[in-house]
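Trainee: Start from the sequences, fold in the hints, and give me the full structure.
For the protein sequence lines, the chains are A and B, in the order given. Per my numbering, the very first residue in the first sequence carries number 29; after that it's consecutive. Per my numbering, the very first residue in the second sequence carries number 159; after that it's consecutive.
Each hint should be verified, as a subset may be incorrect.
Said to hold, decoys possible - For the chain A half of the interface with chain B, some residues (derived, Cβ under 7 Å), not all of them:
#1 R55
#2 P57
#3 A59
#4 N126
#5 F143
#6 N147
#7 K274
#8 A316
#9 L525
Derived from the structure by calculation, the hints contain no laboratory data. Built from N, CA and C at the ideal position, the CB exists for glycine as well.
Chain residues, written in single-letter form:
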Amino acid sequence: MKLYKLGLPLLALVLGLSSCKKEYLDRTPTAQAAMEDVFDNISGAKAAVNGIHRMMYEFGGDQHNEFGQASINLMFDLMGEDLIPNGQGHFNASYNYNAARGPAATGAYAFTFYFRMINNANIIIQNIDGVPGEQAEKDNIKAQALFYRAYAYYNLANMYGYSYAMTGIEVWGGLPSVATPCVPLYTEPTQVGNPRSTVGEVYAQITQDIDAAIALFDGSGIARGDKSQIDGSVARGLGARVALVKQDWAKAATLANEARQGYSYMNGTQLLAGFNDVNSSEWMWGSAINTEQATSYASFISFMDSDAEGYAYVHCQMVIQNFLLNDNIDSTDIRKLQFTTRNQAAQPDYPYVQYEQRKFKVRVLGTWLADYPLMRAAEMALIEAEALAHQNNLGGAQTVLEEFVHTRNPEFTADISSSDALIKQIWLQRRIELWGEGFRYIDLKRQAANFARVTVPENDKGLHRIGNFNSQVASGVRDLQPSDNRWLFRFPSSEILRNQGGIQQNP
Amino acid sequence: MRKTLLLLALFLWTGMQVAMAQSRTLKGRVLDKNGEGVPGASVKVQGTTVGTVTDIDGNYEIQIPEGSEVLEISSLTDGKATVAIGEGDEVATVTLKEDASQQIGEVSIYGKAIDKKSFTGSIATITADDIARRPVTDITKALEGAAPGVAITSGGGQPGASPDIQIRGQNTLSASSAPLIVLDGAPYSGSMVSINPNDIESMTVLKDAAATSIYGSRGANGVILLVSKKGKKTGKPQINVDASVGMLNRSMPLYKTLGAKEYLETAYAAYSNGPGKTSGQLSSAQFLAYLGNYNPYNVPNGELMQIEDVDLANGIKEGTVNPNASLLYDDSWFNELNQVGIRHVYNVSVANGDDRGNYRFSVGYNNDQGIVKNSSYDRITARLNVNANVTDWLKSGMNVAGTMDNQRFFVGDQQAYINPFMTAQVMGPIYPVYRYDSLGNRMKDINGDDLYDFGVNGTNNPSRLPQTRPFATNMNPVASLFQDDRSTRAFSGFGNAYLNATFLKDFNVVVNFGLNMYNSTTNQFQNMLFGDASNIGGRMDRTIFNRITTNFNQILTWTPSFSIFAEDEDHNADLVLGHENYLITDNNATIERTGFIGPQFMEGSAAALGTGSSSSLSELAMESYFAILSYNFKEKYYFSASLRTDGSSRFSPENRWGTFWSVGAGWMMNEESFLENLEWMNMLKFRGSYGITGNEALNAAGYYAWMPRYSFYPNNSNPGIIFSTWGNPNLRWEGQFKFNIGFDFAFFANRINGTIDYFLSGADDLLFVRPFAPSVGTGGIYDNVGSMQNSGVELQLNGDIIRKSNFTYNARLNLTHVRNKITKVQTEDSLIGGGTILAKGFAVNSFYLPHFAGVDPATGAAQYEKRDGTLTTDYATLENEDYNILGSSFRDLEGSLTNTFSYKNFDLSFMISFGLGGQFYDGIYARLMSSSRGEAYHEDIVKRWRKPGDVTDVPKVEYDALYQSPLSDRFLVSNSFMNIKAATLGYTLPANTLEKLNLKSLRVFVQADNLYYLSARTGLDVQQDFFGSSSFAYFPYRTIMFGLNLGL
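Mentor: Put into structure tokens, the structure is as follows:
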């Protein structure tokens, strides 16, 4: 009897203590992946690249105007003349340049978005060589990461610095743009901030990364699974964009030509189908978005297509500048039908407001489904034509340009009376063709520079907002001269505070 | 002693005479264990308010109502006793036995019962009586003003939500500041609101190291011990029924905002001052188009505003509303959202006990309607507490409880337009709740119900133009309350079982197993007909969350009764050794579907499209070993020590274990010869303690803070991941030393008693997210970044100001002063957040803002002072050095005053809580002073700058300004407040009436909570947040309850 009286408590104690194995305190997350489990196999490394593809259309989780690259593209176009918000909404701050100049808003979002992309790319680049697996697959993964690093820096350099070929910038002591401060440069993952590198240094890195990516894509010979992934053609496309800004015409023409091989231009029907299908023959790169990952109100299509009954329906429609539509798009141009005319809108019960865009449409009504275009063969044709024209190869430029524009406007004729005239025509085609796809801000900055063979009158340079379209949203920014400080995004205040390398704020 | 009492009772019983039909006088004396009279002891007839107190020699005299059977004696110094009295007794002498005396209920720490005399730590106890005075659904709300050093927020006023608790100030940065809750001996991780306050016998707040170090890594923020009610030896079953019903309404008004006329005039100025206006855009019609063509007046848009040039040279225009215009409608969003809520509370309990064990069973039902329409909380609780003395050496028991609750809520998110508290405050006054046709009549649907205005309308409205409401477009928070469904149904189960065995004479072992389960289903359904989800055919979201917590501990106690101690009874000691492990498992599953077949369907199976689903599992494991040593000499000198080591899965294997310890001492000074002769001194105890506690409670994302991680981020159907955060393998416990000295005292026949404490605590290795420069591409990591110090004084003073046999007045004052200071910030001098700073030498989150220097009379722009004393109107040019550290939210003094009166059978009490000093950043006011299109303006805006030369401190209004009311000291106000908190008026029926009704006891009462609130600005609730920032949260409500407590 005494025995169990003693034994029972002791047994309880022993049972309690024996439950404590060493592993008891080892717990691993399930809603996240520990980093050590990512780069120990190819599929983990592949997933890390896929994450960046997803990032391109993520919803940042904060403001509804933060939905990846498409939101930044919209901001870039709103900072030009051709895309106007018809009402108050999340993108007002972009339109009136508060996003670029204010302490927060989309400017700060784009900053963290691209640097997050760079950090993800850097981690992959640093780790991929140590991952067991086939070299070709590893090369392909590395090439995609290099591509994204270049892509992010290309956008950042254009936002935070003067355009590459600008000269004599007063605020930085008359230096040429390449010698002026740009963004901090990181080529490996770190927790410590760097000071600003120059525009020249950033572009050197961009060019080096693109060249390396093209070589790796070509060497690996792996075909991509879908168009949200990067391949050699997309890398060449980015190379062409970069060369265009750098005024490296030969390279721009070559890369643009190589990039668009294998793609064919959209026809009339496709052009009016809503720009929402990544499988379009002309799309080189785009985000392929499914129902579960579509970002509802915080999505490009919510702000663009009022039929989706998102923000375009409730707050403000995105409209085209009236002169561009009325005076600069020929009536024989099918792209005129991508917009609502004033007369249409005046009809009773017509569902759209005047000049409202109908280029981008939701794929299935009652959903938020629409893929986002990120690079198209049309843009490559326009780069190639412009680069040829800058080299005074007007015939070559004419061929490329007409072949492309005829798919939109069969009546089109290239004006080859002078390279000035032809280039102006190409620039206009860029505004029409690439409307809503995020090219205008970078083009405005790029086209304000001096060109060797082309003369742009000083009063044509910079931003000149005209048009009598009476938006409820007013912007104090109507004209920006090429040297205006407002071309520059200001760094987020948190970067100034926390970067131990020291960040000099943009003027 | 117990035997003596029983014999006494038996003696009284056998001496009983024939029942007498009236009250009579009973005399007696209360003695302490040494046979000396106890002065100031309370003598009360059980079940009544009839009571008296003993005189200096311990004598008393009391009127005993007919039918009364039991006297309750209690003394602050010598404990409590109950005695049965016979009908014929004239004299009843009661001896209080000290052992049981100082116990505060049955509070114990790891099996070691704590009493006020031997305990060397600083504690405060809130009894069932205190809790009963507060008409609260959530027991944590009863903590406000209840004890010095304990603060709670008013937040979480949504029915069924809990406030935050802070003990002795802010002791941490980003780790949780919530104290550890221990329910009947097991750490409690469930929701506080699932505990029925009526089931709680006592809440004991442990504040210093002597009390909290034994809880190791979780003791840094203090510990609250909850003890549930148990059955007592009462002879026959005690059946109690409590019922009350009452109402809730909003206790404080809204901020004062402009009506339609002044609003339109201000909005016009803001519109015309906006950037890039052409003259064509400044017409009345264009202005109203800008406001979405909402014209509440009976004149056309083009004629509503009369435009005047106030300063032609600078093109400054103002608009006034046409004096001939009259309002067509004037809907109040607040009135449509707000309601007087009804609350019902019912509790029934049965309890009994004898030498073989005891039981108590209770069932409670609680139904609260919120002060926002269609928000409510109802709860059913059941608890069974059974304890059995199995043999003379083995005890066992079990405490099981279950709670089912259902919370209907609204979206309280600060950015959600559908948050009713935001809408009620921010919606411009020209925007109606309901649709009005072109004649200004309210429109009806086919059922004759009012049509809601969702903000996107055709031309059938007073303006006869298509309408788009700029604020909360396509939404109507009132409609959403009725047409959508947001609710959480939860089941909580709690079980705690123990075995307690005594063996080998001096040893005792207790094994506790506690299991806590919380299972909730949260629905968020949005209808397919109107609003946010109408374009996708309605949407349903469901989150199923399941948390299981297990706690298993084994405690060995050795109370030596041999060797040196046995020879001299002056030495008493015991030693407790224990082991504990703890595991939290969180399971989460969510689904989201859209595209419903019809408006009457709400479940996912009726929806066409899956638009989101996920699941996850998180675990947190802890393991601990501990020891507690207690010793006293002659019950005059006390000493205690504790040691504990904890391991947690939160940290890397190298930094997993932490060691925590404490020492404490107590000295009963009044038992020393030099004080013994002071008759007025009943008790004086000095105590002190020092120890180390810890904190590891990072939020759920911090479960794995030591490892670098990727988040899952699939790209279409390809699995994908994105880098989430770096890990910090060096992350370790946040440690804290706590030093405390204090006195407990009772003077003048115990009429004045209280506690005074001085404390100093220092936290090291504070856990915080160390932010990175955004350009490194990731947000920051958890790190041990700094140190801080809290020092303070606490006073609790309790006085029986009037002690008459039929009238008593007791006042209790609680005062707390805490000073918080950061002593180290590791990597930099300071860490700057949005408007706040963590800087050495200053309190946590001190405000860090530029100085607002009035308005430039020439331009109307706000001016800010730069470091060199110059003024600028360009906010963007302000650099860090232009910012000032401007105090913190911490108040200089917080306290409460509780007054309790009793007169014959009536009792009345009320409590005033207050705080003095500190700063509060009134963000809501800031927003209302610089509204965006469609948003309301505070009435102070009428002082705005209008034309050059105006001298004012309110800048010009301007829509689309680059900086809209940027952070500055312009919006800092005092954090002081005064709140008449809880008031109760009760009447206890006299015993003779009760007998006629065949009842044991009956008390009827009226209770009120949040009667009156005073703060720096109308509408401002400074208690909503510990850090002095405002949000559109559920405002505190006033509660008025009528009820009864019935003993059968």
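Trainee: Now, for every hint given, state plainly whether the structure supports it.
Mentor: A quick look at each hint next to the structure:
Interface hint at A:R55: satisfied, since its Cβ lies 4 Å from the closest Cβ of chain B, which is below the 7 Å cut-off. Against a cut-off of 7 Å between C-beta atoms, the interface hint on A:P57 holds, since the closest Cβ of chain B lies about 5 Å away. Restraint check, A:A59 versus chain B: the minimum CB separation of about 4 Å is within 7 Å; hint holds. Interface restraint check for A:N126: the shortest CB-CB distance to chain B comes to about 5 Å, inside 7 Å, so the restraint holds.
Given the 7 Å rule on beta carbons, the hint for A:F143 holds: about 4 Å separates it from the nearest Cβ of chain B. Restraint check, A:N147 versus chain B: the minimum CB separation of about 3 Å is within 7 Å; hint holds. A least Cβ separation of about 23 Å between A:K274 and chain B goes past the 7 Å threshold, and the interface hint is therefore violated. With a least beta-carbon distance of about 5 Å to chain B, the hint placing A:A316 at the interface is held under the 7 Å criterion.
For A:L525, the interface hint holds, since its Cβ comes within 7 Å of a Cβ in chain B; the closest pair sits about 5 Å apart.
Checked against the numbered hints given earlier, the structure breaks only hint 7 and satisfies all the rest.
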